[in-house]
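As a plain string of letters, each chain reads:
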Amino acid sequence: MKECDEVRRAIEETVLENKKLSSDVMTHIVACSDCMSYYQWLLRAHKESADILNKKPDSHQWKAVREKLLREGVIEVGRRWYITRVLVGLASVVSICMLGLFTLSTLLSGLILNLSTVFDYMKVMLIGLDVLSKLSSVMSIVGRVLMVLISGEVSQFLVLFASALSIYLFAVIVWYMRLRFVRASTIVGF
Amino acid sequence: MGAVYINVEEQILIQKCKIGDEGAFREVFEHYYSPIYYFCLSYVRSRNEAEDLTQEVFIKAFKSIKSFGKGSFRAWLFKIARNHLIDEHRKHIRSITVSIDDVAEPTVEHTPESEIVARSDMVELLKVIDGLAPEYREVMYLRFFQGLRYEEISEALGIPVGTVKTYIHRGRKEMLKRINIETKQ
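In order, the protein sequence lines correspond to chains A and B. Residue numbering for the first sequence is 1 to 190, as defined by the numbering used here. Residue numbering for the second sequence is 1001 to 1185, as defined by the numbering used here.
The following block holds chain B by itself, in its conformation from the complex (with noise of 0.2 Å):
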């Protein structure tokens, strides 16, 4: 697999959390909170869901955290979020029922976008990446916005890194294409 990126501090906090250490979970959850939101929130369209989603994530990390071996710690912590929200995203599918109620009651919809206000060329791109084809969204979101290495993604998402690379280089030419779109509109 891809090389070891985990910087030495960050191997520390999680040998930490491996022993149960209260403080180095709390550190861990500080500094992975927005990026895991983002990306719930990137899954779900409703803030209070990704929260929740969130906490899960969080939780089912730390469950699991005994299993962290080498590799990126970021790129591991994004392929448990993933898995996470596909099965409720399954599990959803499985329990809906729809009733003239839940068709009738207004929805607010969140976005990663609509929270950023007054952020015009972060706000421009997670708009460009969303208009994507669903293939490169998730590997453009993954680079662009969270800032994952290609070696990184590939982890995350379980694909090899060539098709990392394919998808960036397809899904760069398109979102050019819209930001040039957008800006001569």
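So here's chain A without its partners, still in its complex pose (with noise of 0.2 Å):
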């Protein structure tokens, strides 16, 4: 027969490393009504202090952490994530860049100065206005790059990269359908 003091060790081991419980622990522990009651109370103990200890803090506990690790610097973004990130960017950069160049060229090539009326005049303000919101707009998805580039958030990057190259590809098709309609009217005679 063990001794209490070993038994005792024993129990704390089963329950607070998940040990098993060894045949002759066992036995003591069924023969002695101390062991027993020890042995369930620091079951319940255990379960209860393991509830307490598996807890998730608050979301505003690890925000306060993370501003202070972003701070010093400890939080870094890997080299390989830093690479994509640079060639999303670029590639996203790109896109839109060739999206205002083909806006600006498609709306210079049509026009033609030739101010002898008043509505001449309007037209040409017309086109510079609608000329100053497109450039705009194309300033605005270039901040926003360069905001996403700076951040450094995946999502965000994930988005502006699927709608620049959405941009590009509706800009491809428009610039195709446009040689096809000059293309026509010529035959036509137009």
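If you anchor each label on the Cβ, the simulated ranges turn out as follows: (1) Gly1131/B <-> Glu67/A: 33 to 43 Å; (2) Lys55/A <-> Lys1063/B: 21 to 31 Å; (3) Arg1178/B <-> Gly73/A: 46 to 56 Å; (4) Lys1091/B <-> Ile167/A: 51 to 61 Å; (5) Glu6/A <-> Gly1158/B: 26 to 36 Å; (6) Ser33/A <-> Lys1063/B: 44 to 54 Å; (7) Asp24/A <-> Asp1052/B: 42 to 52 Å; (8) Ser33/A <-> Glu1027/B: 37 to 47 Å; (9) Ile1086/B <-> Glu67/A: 22 to 32 Å; (10) Glu17/A <-> Thr1166/B: 14 to 24 Å; (11) Glu1049/B <-> Gly73/A: 20 to 30 Å; (12) Gly73/A <-> Lys1177/B: 51 to 61 Å; (13) Leu43/A <-> Pro1160/B: 21 to 31 Å.
Here are the simulated lysine-lysine pairs, DSS-like style, with alpha carbons at most 27 Å apart: (14) Lys1177/B <-> Lys1165/B; (15) Lys68/A <-> Lys1091/B; (16) Lys1173/B <-> Lys19/A.
In case anyone wonders, no lab produced these hints; they're calculated from the structure. Using N, Cα and C, we set each Cβ at its ideal position, and we do this for glycine too.
Put the two chains together into one complex, using the hints given.
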């Protein structure tokens, strides 16, 4: 028969470290009411402490720590992720620039400066306003790209890249359709 | 030193932390927040102070995570927490200035047991540990409330494993006496 002290140590190892109870310890526990009540009490207490210690903190706790870690440069963006970030950013900027150039070239190519009437002046003004609005939208997209490059949020990157790509594809389709229209109109004799 | 108790998942997580992976830092923080918070609370008895100290402990730990080698991460974290608490206590003693206002101001005392409402066995255990001699208290708290192994306690407190075993043996005797007294009353 094992001593109570030894058995209690084995009980602690079972309860606190998830070790198996040996048969002689089990025999002792069954025979000794003190060890049995100690085992049951420790089991309950440990379950309660495990519940308490597994509780997750509030998100504001992490935010406070994250802020300090970012400030002190402990949280870093990995090198591979950094390269991807730059590449995706560059691809977005290039796409947007091409779109801007395409818009401007389309608008300016159709502009014939024959300012003989008031209507021609108004036409030029409207075209100018249109160009300005398009330029401002391009600038806002460039601004977003820069913001994303600074913050480095993955989801923002993906959304931005997808939108830039779709705009670019749309522009290519429009360009292609325009060429077809020009060819068709030349053949017809417009 | 003692055996390696670190599991593979935790090891990967720590490696990710070492290269500055934010997600890994967050996971470690969420996993160990409560144990460290209650550890701090057992020292300072103020919920706000314990929260601040817990944050400071994690920042300290994350800043020096590259220095973590082998062994128990949990023990390493508790060691940082303990050292930080001791440093803060020393600073507090040095900067203490008692004024009439300070004395008159009522203070609400928080303890791990006052935080854990309606959990009788745990409260009983913590109360008993709190009433033990100071040399046993810390060891018993880490063993019975936090569930640390002897080797981990030895690492965290910087004392030999033999001493940990002796303290737990004596602490257990004392604890059992007190539990008996409390149940009789």
